[in-house]
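Based on the provided sequences and hints, a complete structural model is requested.
2 protein chains.
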Amino acid sequence: MRGQRSATLDDVARAAGVSRATASRVITGQGPASARSRDRVTQAVTKLGYVPDAAARALASRSGTRLAIAVIGATAAILDDPYVGRVLTTAAHIAAEREVGVSLHWVPLGASLATLASSHNLGGLVVVNPTQPALHTVPKAMRGRTAAIGVGTKDVPSFDVDNGSGTDGVVRHLVNTGRQRIAMVTGPSWLPCVDRARDAYHQIMRDSGRETRVVSGDFTATRGAAAAMEIMTRWPDTDAVFALSDLTALGVLDGLHAQGIRIPADVAVAGFDDIAFACLSRPALTTSTHPVEEIAAAAARAVLDRGNTDRTTFFPSTLVVRESA
Amino acid sequence: MRGQRSATLDDVARAAGVSRATASRVITGQGPASARSRDRVTQAVTKLGYVPDAAARALASRSGTRLAIAVIGATAAILDDPYVGRVLTTAAHIAAEREVGVSLHWVPLGASLATLASSHNLGGLVVVNPTQPALHTVPKAMRGRTAAIGVGTKDVPSFDVDNGSGTDGVVRHLVNTGRQRIAMVTGPSWLPCVDRARDAYHQIMRDSGRETRVVSGDFTATRGAAAAMEIMTRWPDTDAVFALSDLTALGVLDGLHAQGIRIPADVAVAGFDDIAFACLSRPALTTSTHPVEEIAAAAARAVLDRGNTDRTTFFPSTLVVRESA
DNA sequence: CTCACACATGGAAGCGCTTCCATGGCAATA
DNA sequence: TATTGCCATGGAAGCGCTTCCATGTGTGAG
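In order, the protein sequences belong to chains B and V.
Using our numbering, you'd call the opening residue of the first sequence number 1 and step up by one each time.
Using our numbering, you'd call the opening residue of the second sequence number 1 and step up by one each time.
Mixed in with the good hints there might be a few duds.
Note that identical chains are pooled: a pair holds if it fits in a single copy or bridges any two copies.
SDA-like, lysine to any residue: derived pairs with alpha carbons at most 25 Å apart [said to hold, decoys possible]:
no., residue 1, residue 2
1, Lys47, Leu109
2, Lys140, Thr65
3, Lys154, Arg36
4, Lys140, Ser6
5, Lys140, Arg5
6, Lys47, Pro32
7, Lys47, Ile27
If you're looking for bench data, these hints aren't it; they were derived computationally from the structure.
In this text, all values refer to a predicted model and were calculated from it rather than measured experimentally.
Here it is in structure tokens:
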């Protein structure tokens, strides 16, 4: 293509015979410009193959054009779970409509978001699985353009699936289908949504006079398989397992299979999320939906359109009965 | 935290009692600085909670600090496949070691990479599933910091799995285990790697005096299920199906199940990629490995460390025999 | 004791862009 | 014809940072 150095706004302005200011106005579409200038600039742009420099633009306009998605406390395994992928795809979609890009950032638990969020080239920030401390590290200037997927702080709009009622639906189904000794595999304990789910489980167990059996998980399949062993060893008479993630439930299925346990005849298994694979497993997984796309879209829109929702919005989760429970 | 406006390098310099130049040198670690200046600046930085602005830095230094991953021709479904996720995670890892971020970009088939790659705040570019035209749109200035995952052009280092020998291994296994009428489900036809795999399949079929049965796929599970129907309708005596993607193979498994076909008794099924779910399905999937992490790491390193590899590197794929074939 | 040299330092010039502001031209009004 | 007002325009001032260059300051060699 063109020479070594790529064309700048100056080159365009010169080629069009207008000032840089005018060229800028035409290109950004902000501010007045005569039809004549508009034409000449447009022509110069295509002729020179001019593409505005995002960094310079962000710096000058003090508002970037990129939506950052920060995933808190993620291990490498998290992308085995379609979850982040779905958030990402959806956000990218919404962002693309507004001609902004997306970037993905893994933020270790306890790390600061300051570096990430301080950059001028950021148009917005969506924090996935936020913790209070992490959210507090986002600079004031960025607060208005931040949303959380999960349970956030007061000054940041938050979006999450209704883990409580979702869990309620699943566990109630287990109870209604005659299961007596129902175990639960949770997720990472630092996630507030895990608490809500565990609370819901405890509630039902208590109300129906059942004993609780909880082992902690991390949303991975590997952990699910291990949890299956652990559960059947500690409580051999368990007749149902509810995992707070489909991936984990799939692992549980596997672990149970390995022990020669029949599903759902001996033990019922239920998950949470309704991932694409849930209906591909044998037996197909009974689970509860997780409207990730809706949630991610809401978060992305809240950030990009500055929706002034500063409350937490919960999205309903509905039971999907298949073969495993 | 601090006031409305966040601290700039000027603030730090002032607080430390040095010039902006010196402060910059200390912070970037480039250029000389006395121990005294270093201390004072470091203190000022922590005191003010100073975080450098990425946009300004990129603009001034003419070299960004972000690794962009552009996925060509991706549909929303692509993230159901762990593939992109694995690329992303690995790249993010390598990038993080060098304190650079990653960003992900969906580039429609036929779209230009110019806008993406022209930005000064880009440290490198990794193009996934590149097409020749797409690669040609990356500005000269960026060429040196670009790598391809897939088959690229001469001036860009490329990394890919050896689809040819991988396919060879799988199909040969099918042949060796006595399968006679082996069908293949391919991937998107615009991907060169699909050609290589199809060629390998044709080769073996021809060499062993077998007839070829090819239906085209798109790497999704949905398409796999449909392909299973299509294959069994067109060629009811088929006794093996090889899909160029595990996701598709899983779909095939599902489609075959739906028709009451036993696997592997009636029909053997083999995939490609060895995704995490491959061993979770019933029956567990026979497949061939795809060292995505190695490939992505090589690509990321080639870009970040300016490795002058301007050739295509193929990574070996090895057969994994499980239950389905 | 002098000269040369290295090193730490600050001033200043940008990087490529947006945007404020003052200017000038033109049509509409009186 | 003189006055008002509006709109298109260019000049210039940054955005926050890096980096070149010239200036001091202290050290070792002669």
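For each hint, the structure was consulted:
no. : hint           : verdict
1   : Lys47 - Leu109 : between (49 Å within a copy, 23 Å between copies)
2   : Lys140 - Thr65 : both (18 Å within a copy, 24 Å between copies)
3   : Lys154 - Arg36 : neither (50 Å within a copy, 43 Å between copies)
4   : Lys140 - Ser6  : between (36 Å within a copy, 8 Å between copies)
5   : Lys140 - Arg5  : between (37 Å within a copy, 8 Å between copies)
6   : Lys47 - Pro32  : within (23 Å within a copy, 45 Å between copies)
7   : Lys47 - Ile27  : within (14 Å within a copy, 41 Å between copies)
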